[in-house]
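**Student:** Spelled out, the chains give:
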Amino acid sequence: MLKFIIKKLLQMIPMLLVISLLVFIGLELTGIDPLSYMVSPDMAGSAENLERLREQMGLNDPLFTRYFRWVSEMLRGDFGYSIVSGTPISQIIAVRIPATIELALLALVFSTIIGVGIGIVSAIKQNGIIDYVGRVFAVVGQSIPQFFFGIILIQIFAVSMGWFPVGQRISPGGNWSRIQHLVLPVTTLTLSMCAVLMRYARNTMLDVMNSDYIKTARSKGIPEWKVIIKHGFRNAMRPVLVIICFRLPMLIGGSVVIESVFSWPGIGTIIASSVIAGDMPVIMVTTLMVAASILVASFLVDVFTALLDPRVRLGD
Amino acid sequence: MTTISKAAKGKSSSLLRKNIKKFVNNKLAMVGLIFMIIILFSAIFAPLLTQYEPAKIDLKAKSVAPNSEHLFGTDKLGRDLFSRILYGGRVSILVGVVGAFSGSLIGVVLGSIAGYFGKWTDMLLIRLSEVFQTFPQMILILIMVTILGPGLSNLLIIFSITGWMTTFRMVRNEFMALRGETYVKVAEAFGMSKSSVMFKQILPNVFSPVIVATTVNIAGFILSEAGLSFLGLGVPSSTPTWGNILNAAKSIEVISNYWWMWVIPGVVISIFVLAVNFFGDGLRDVLDPKQQ
Chain A
1 MLKFIIKKLL QMIPMLLVIS LLVFIGLELT GIDPLSYMVS PDMAGSAENL
51 ERLREQMGLN DPLFTRYFRW VSEMLRGDFG YSIVSGTPIS QIIAVRIPAT
101 IELALLALVF STIIGVGIGI VSAIKQNGII DYVGRVFAVV GQSIPQFFFG
151 IILIQIFAVS MGWFPVGQRI SPGGNWSRIQ HLVLPVTTLT LSMCAVLMRY
201 ARNTMLDVMN SDYIKTARSK GIPEWKVIIK HGFRNAMRPV LVIICFRLPM
251 LIGGSVVIES VFSWPGIGTI IASSVIAGDM PVIMVTTLMV AASILVASFL
301 VDVFTALLDP RVRLGD
Chain B
1001 MTTISKAAKG KSSSLLRKNI KKFVNNKLAM VGLIFMIIIL FSAIFAPLLT
1051 QYEPAKIDLK AKSVAPNSEH LFGTDKLGRD LFSRILYGGR VSILVGVVGA
1101 FSGSLIGVVL GSIAGYFGKW TDMLLIRLSE VFQTFPQMIL ILIMVTILGP
1151 GLSNLLIIFS ITGWMTTFRM VRNEFMALRG ETYVKVAEAF GMSKSSVMFK
1201 QILPNVFSPV IVATTVNIAG FILSEAGLSF LGLGVPSSTP TWGNILNAAK
1251 SIEVISNYWW MWVIPGVVIS IFVLAVNFFG DGLRDVLDPK QQ
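Listed in order, the protein sequences are those of chains A and B.
Under our numbering, think of the first position of the first sequence as 1, with each following residue one higher.
Under our numbering, think of the first position of the second sequence as 1001, with each following residue one higher.
Only chain B is shown next, with the shape it has when bound in the complex:
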């Protein structure tokens, strides 16, 4: 366990060094990290890499196959696909990261409360999470889209509301197990406030699995956004995302005749998600060796 309790703090730098070394030795995880960084940075620095505007329609260059001018070709409105994929990465990665982190935040807060206070608070929150889990995530997302409407900011809200349950369960179970430990009792006996006991004493012990789960969720949400935008219910296509670029592949005509319009964005999503998953696996090996 990578406890960051006070006694271990002196050793933490060597533990950190050991963990980094372990991670660097994991080839797949390192490859994942490198690909993540490459794709992330090309999305961030998109304006330096392409001179095309992602939303600029050029009817003179409709459905052009990849060439030296348009590296990934153009779509049916003549928009440059290389530029759309770079700028689209910004939105897709943002949706994945913000959705996963805020989902984890909700999960951690509710999980700590449920696990620490127990009794009816716990029962109520457990039942709430069960209600959420009875709906398949995709359908839950679709219901929320109907109520709130599509669009980037609504998507972020929807992903955080629908993505907290696994973290909640994990944190709650860990809290249940640790609540009776001597060090918690001692902290309470010293008159430490409930919130400090919860968040300063117990929570650090749960951090490693939460980080791993968050990484997995980033990958999951990028896939969800892609699916949702593929259905035409995600972000409107004036703002490119990896998902809504792939929306073109809803027509069999595009699938048969314009491979670059769907193969390239599909491969980019797959590579990025694969990289995140390899990275997450590596993190799990280092942080959470119990559950591989």
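This is chain A alone, in the form it adopts within the complex:
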């Protein structure tokens, strides 16, 4: 098992290097003067000062030298400065990441419970009412633009009913207001995640329940609930876990638009507003963070599936 984990960890390193190189080249392609985001604005000063800084910081060095310097600075926690506001990027990220994680994690938990739950029930009672409603709901949920759904929720529950606040994460009123702020964005993200998950869990469970070892287990006289949970559910979980991991990018990508709808102060809104403002350094560092966190998440899923299914870690 340890060997498997180490192998997977080592595989991540070249991946991260390639991604960061691409991001760095992308930054170069836009032709923005690196000094504008590497130096705190108060330090910049006069033109000759800038020229001296450029020489001192080695900005006239070849691309690869600069790339490796950039990576090592990032590893030391120095991410540079926003060219729009002049704030250190590390500071922006430190404020924004918890907000996005809060949103994404809650949506992930709720959608997994609801989606997998309904999916499995509809597989067990195939062609029943829950199955039918669930299937229609899944297609409809995939077809409505997420942000449109969010706006509908705002109109009904915030504007008309006045039950929930819109915009930002906290308003005066302590922890209760925090939860109130979370309800609508989490519901929006959860529903769109649910649609895909439900469908997938149902189909996987159907496949498993039609397999030979389930028939064998039944013919041995094992009670049906035991067959479903011990033989069916356990084996259906692995592919479902994998799809949850694959959905993670979608969850974070989807949060770009959803966060904008609800003016949620997370990574998504900062990416969207940086793209509008052309704040390249912020875009690059934040997307790199997103990519890195997805790599870590998929690593965790690999480890988790290996724990559930020995074939994975013995396979290759």
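These are calculated hints, taken from the structure and not from any lab test.
None of these values were measured; they are calculated from a predicted model.
Cβ atoms here follow ideal geometry from the backbone N, Cα and C, with glycine treated the same way.
Mixed in with the good hints there might be a few duds.
Away from chain B, derived, C-beta distances all over 12 Å, residues of chain A [said to hold, decoys possible]:
(1) Leu21
(2) Ile97
(3) Pro98
(4) Gln180
(5) Glu224
(6) Val227
(7) Phe233
(8) Leu248
(9) Val261
Derived CB-CB ranges, DEER-like [what the hints assert, rightly or not]:
(10) Pro1236(B) <-> Ser72(A): 38 to 44 Å
(11) Ser1256(B) <-> Pro14(A): 39 to 45 Å
(12) Leu1094(B) <-> Phe157(A): 34 to 40 Å
The hints should help you fit chain B onto chain A, whose structure is shown.
**Tutor:** Leaving out everything else, chain B in the frame of chain A:
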């Protein structure tokens, strides 16, 4: 499998008839097809259905609620929304269809190459697709928008570059499985060129799932365009699209007071995407019964 190999060609017309019959019997798929056609044709024949110019600003008719003159009302600049939604459909559907098809094309070509040649070619392309997949699609699209800039033609390029990975995987896996089949070996032994073996012998077997995936991608890209234009990063609003009409709903004032400016375009997008998805499901049942 709906193989179109030479031996099956004689039977293909009856197979086709059987498949069409199966599709027609699928009510949801037929309803989807009908809605798709209705919306598509009203977009194409927009000039026959409305006399308003989609970009014409009429400050005397600002924010008018739906009435007999303006069926869907007007926006804050007095532009007729019915006309904007019809003309907007042209662009949105075009973006979805062209984006999905060119994405599939890239996926098919790279997937065939990876699956047929295997070894380091395969490894390189797999790694490339993994790099692309580490970024959420929306964020990948946003990065490209920053580099290339917004606008219709850039959007088409961006969608094709960001939408090839699923097709690539599918085609590559299928090629891997079929490469060792006897009929491929025979074709190679007869001295058939690599490209004919790849594209004439193996590829037809993969077509059905590719068509289904492309349909799903059309729906996905229409939603992406909507999201992007909602953020104000898609097509500029002088050319209406379903997404940038909805951009109005960024203000809470519009959400609370002018329902027609966002409910109607939102419902139209949802209906069209729903129709495409139902149609795609029907196609999947007919073409690709293995993975429902």
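**Student:** State for each hint whether it applies.
**Tutor:** Right, here's what the structure says about each hint:
{"no.": "1", "hint": "Leu21", "in the structure": "10 Å, violated"}
{"no.": "2", "hint": "Ile97", "in the structure": "15 Å, holds"}
{"no.": "3", "hint": "Pro98", "in the structure": "19 Å, holds"}
{"no.": "4", "hint": "Gln180", "in the structure": "17 Å, holds"}
{"no.": "5", "hint": "Glu224", "in the structure": "24 Å, holds"}
{"no.": "6", "hint": "Val227", "in the structure": "23 Å, holds"}
{"no.": "7", "hint": "Phe233", "in the structure": "21 Å, holds"}
{"no.": "8", "hint": "Leu248", "in the structure": "8 Å, violated"}
{"no.": "9", "hint": "Val261", "in the structure": "8 Å, violated"}
{"no.": "10", "hint": "Pro1236(B) <-> Ser72(A): 38 to 44 Å", "in the structure": "41 Å, holds"}
{"no.": "11", "hint": "Ser1256(B) <-> Pro14(A): 39 to 45 Å", "in the structure": "51 Å, violated"}
{"no.": "12", "hint": "Leu1094(B) <-> Phe157(A): 34 to 40 Å", "in the structure": "36 Å, holds"}
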